[in-house]
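**Q** Sequence:
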Amino acid sequence: MCVGVVLLPVVAGVALLLLILNPFFNAGPVFFVQPRMGRDCKPFAAYKFRSMTAPTGTKRGHDAPLEVDRITPLGALLRRMRLDEIPQAINILRGEMSLIGPRPDFFSHARIYLRTIPEYRDRHHVRPGITGLAQVTQGYAEGVEATREKTRLDIEYIESAGFRLDFKLLWMTALTILRGQGR
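The opening residue of the sequence shown carries number 1 in the numbering used here; numbering runs sequentially from there.
Keep in mind that the hints were calculated from the coordinates and are not lab data.
Cβ atoms here follow ideal geometry from the backbone N, Cα and C, with glycine treated the same way.
Some hints could be false.
[Said to hold, decoys possible] Quick list of the computed label-pair ranges, beta carbon to beta carbon:
hint: 1; residue 1: P23; residue 2: H125; range: 39 to 45 Å
hint: 2; residue 1: R164; residue 2: L19; range: 38 to 44 Å
hint: 3; residue 1: E67; residue 2: R115; range: 20 to 26 Å
hint: 4; residue 1: E156; residue 2: L19; range: 35 to 41 Å
hint: 5; residue 1: V30; residue 2: R179; range: 21 to 27 Å
hint: 6; residue 1: P23; residue 2: F163; range: 40 to 46 Å
hint: 7; residue 1: R115; residue 2: G139; range: 22 to 28 Å
hint: 8; residue 1: R115; residue 2: V68; range: 23 to 29 Å
hint: 9; residue 1: L93; residue 2: L19; range: 32 to 38 Å
hint: 10; residue 1: V68; residue 2: D40; range: 30 to 36 Å
hint: 11; residue 1: R121; residue 2: R70; range: 28 to 34 Å
hint: 12; residue 1: R115; residue 2: G95; range: 25 to 31 Å
All chains, please: the whole structure from these sequences, using the hints.
**A** Okay, structure coming up:
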């Protein structure tokens, strides 16, 4: 909760900057809200800064590649710097997320993973996080096989969580951001 309060000025500052830049580089709303699966497999609305154009109407399947052609130039910068995730400070304040933990998956994809990956439900015993072990070691998980590995890493984090590991993950996240290695 305290982390969410600390991040709120950052959310407000980036949102203000995007309000100014969006009409020129990324026309449309500043925020994007998407249903995600949270603790105990309950849905919640995850907040992000919008980094893509509106969908064309066809829904992306759980195993389909990310629609990189829809990412705007400003959106690519937001993703590379991981700034698109900052509005999830609101989710932390609401008690739906924590700073560190398994990343919450898109709700409809998560329902499929619950049926196809036996251990997938175990990662939902804790609140999802903005960053986590899978994010700093594996990166973006695309498809069922990559999600199996992400799930293994998420469970490894849950079983080993503590101050030392959390500090290490925050450090690795900071390095990822500073190097512009986000996706």
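**Q** All hints, please: hold or fail.
**A** So, going through the hints one by one against the coordinates:
no., hint, result
1, P23 to H125: 39 to 45 Å, "holds, 43 Å"
2, R164 to L19: 38 to 44 Å, "holds, 40 Å"
3, E67 to R115: 20 to 26 Å, "holds, 24 Å"
4, E156 to L19: 35 to 41 Å, "holds, 40 Å"
5, V30 to R179: 21 to 27 Å, "holds, 26 Å"
6, P23 to F163: 40 to 46 Å, "holds, 44 Å"
7, R115 to G139: 22 to 28 Å, "holds, 25 Å"
8, R115 to V68: 23 to 29 Å, "holds, 27 Å"
9, L93 to L19: 32 to 38 Å, "violated, 21 Å"
10, V68 to D40: 30 to 36 Å, "holds, 33 Å"
11, R121 to R70: 28 to 34 Å, "holds, 31 Å"
12, R115 to G95: 25 to 31 Å, "holds, 28 Å"
In this structure, only the earlier hint numbered 9 is contradicted, and the remaining ones agree with it.
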